[in-house]
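So the sequences go chain by chain: E and Y.
Just so we're aligned, residue 1 is where the first sequence starts under my numbering, counting upward by one.
Just so we're aligned, residue 279 is where the second sequence starts under my numbering, counting upward by one.
Keep in mind that a hint or two might mislead.
Label-pair ranges, simulated between beta-carbon atoms [what the hints assert, rightly or not]: (1) Ala361/Y x Asn95/E: 28 to 36 Å; (2) Gly319/Y x Trp177/E: 30 to 38 Å; (3) Leu159/E x Lys408/Y: 35 to 43 Å; (4) Ala422/Y x Val123/E: 51 to 59 Å; (5) Val123/E x Phe296/Y: 50 to 58 Å.
Bear in mind the hints are in silico, worked out from the structure with no lab data behind them.
Beta carbons are placed, not taken as given, at the ideal position from N, Cα and C, and that holds for glycine.
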Amino acid sequence: MPTANYGEKVMTLVFWLAAFLITAILAVIIGYIVVKGFSVLSLDFIFTPPSRAGKEGGISTTIVSTLYLVLGSLLIAVPVGVASAVYLEEYARKNSRFAYIVNLTAETLAGIPSIVFGLFGFVFFVIFLGWGWSILSGAMTMAIMILPTITRTSQEAILAVPREYRENSLALGASKWQTIRKIVLPSALPGIATGIILSIGRAVGETAALLLTAGSSLGMPMSITDPARTMAVHLYILAMEGISLERAFGTAFVIIVLILIINYAAHYGMRRLSALGR
Amino acid sequence: MNSIKIRSHNLNVFYGPFQALYDINMDIESNKVTALIGPSGCGKSTFLRSINRLNELIDGVRIEGQIYIDEKPIYARDVDVVALRKKVGMVFQKPSAFPMSIYENVAYGPRIHGIKDRRVLDEIVEKSLKAANLWNEVKDRLKAPATGLSGGQQQRLVIARVLAVNPEVILMDEPASALDPISTAKLEELIAELRCNYTIVIVTHNMQQAARVSDYTGFFLNGRLIEYNRTEELFVNPRDKRTEDYITGRFG
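Use the sequences and the hints to build the structure in full.
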């Protein structure tokens, strides 16, 4: 049938175009950012602190602030998220009321817009606890924001570990905790890593919530109680207040490169880690 | 001299409202292979999993009656389940090597039970792999991922892993059902060798296999032990009509 053949060709083209579009969009965005920000991109841009509100100088302090905030929020959210996932999947009884409520809470938290977390963080950490605009307030707020993602992805990763592994381990006389530590968590590691990488992306890109909780100080943060401006916040202020569009684009480029590096490092690190268990 | 290794006394097992086993009384001899046959869902695996208390992992399970190993009740309050499972190893239906190296798979049990000395572990790994007839196939790639082994090799690796904790009883839950005929033959050969040193209880769907590997056979139907006898006796002269119908292929 010629019509069937024709339809086949058209649809193949449609699917190909859809797939091509993704690559094209990425290429255009990165190309645009590079072209626009090229004039400011240099090693100096990365290694010198901003001056005159960012009109001159580089973005070194915002890179450091971003890394502190990401690291801080992960340090809080990863242990809590993975531990709660272990509880929900390994210890809680099926049909447990508590597990149901925790799952529901995690889902609801995941759906709350970041600015609402920002508002909460501002009122609770910054004002009520008196931590001020600081790395600490910002990291706590970000931790709450990424917690549902980490919990959910860890739960899925733990659930995907074959039941046979657990039974075999227990039948060898291992305790439940030994089984989780030596078999379940190592097997779930790649899945958990995916959740962490997603969270890092979210934290690096977050603007509004951090503006409210970590502040927008351009100084180099020397302790967790110092305020800090992340690259995303810096980009926002540079563009919004018309300080320097070139520098905004330069900052955007560094953000993208940083995310790529973090993703690659996380993948590589996880592969090394699970290879060690092998 | 024959001696009884495992004795089940009026064992009843319930999953919620469903009763899976009814009054199982069964004496299993030391250093013999005992096969459990019967149609799917008749309680063979439930009985097997009662012997190492793996049934307890299921929510809502209730166990009445008692199982004695070496005349000691395993469902008593002061029983250490870890020690019990060390003594009673288990091989499951689906060959499942842990996602780690061949060496680490075998060393897993001994490490869990506190052996750290590398030389002792090396020795246990070699001895166990040899006893499981796998040593020659893997000795040059002990550090390779075990998940790369074939199904039959993985099943023998699982047996090596069980042997490494030095059990007295080995429970096998349809160990050959996922294997090809050649791997199955190798596994049966291994079972024949292991019987000298271990008490083996094997659940199988395959009656020829039961006839080939076992000394005693028990026939389960709908949660009851219908007939239990020496294997030749049970297959040649079944006393119960239902046993006869089953082994001649009239149902199941």
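These are the hints, each one checked on the structure:
1. Ala361/Y x Asn95/E: 28 to 36 Å: The hint (28 to 36 Å, Cβ to Cβ) holds, given that Ala361/Y and Asn95/E are roughly 32 Å apart.
2. Gly319/Y x Trp177/E: 30 to 38 Å: Holds, at about 33 Å.
3. Leu159/E x Lys408/Y: 35 to 43 Å: Holds, at about 37 Å.
4. Ala422/Y x Val123/E: 51 to 59 Å: 56 Å, holds
5. Val123/E x Phe296/Y: 50 to 58 Å: Given a distance of about 54 Å, which is inside 50 to 58 Å, the answer is holds.
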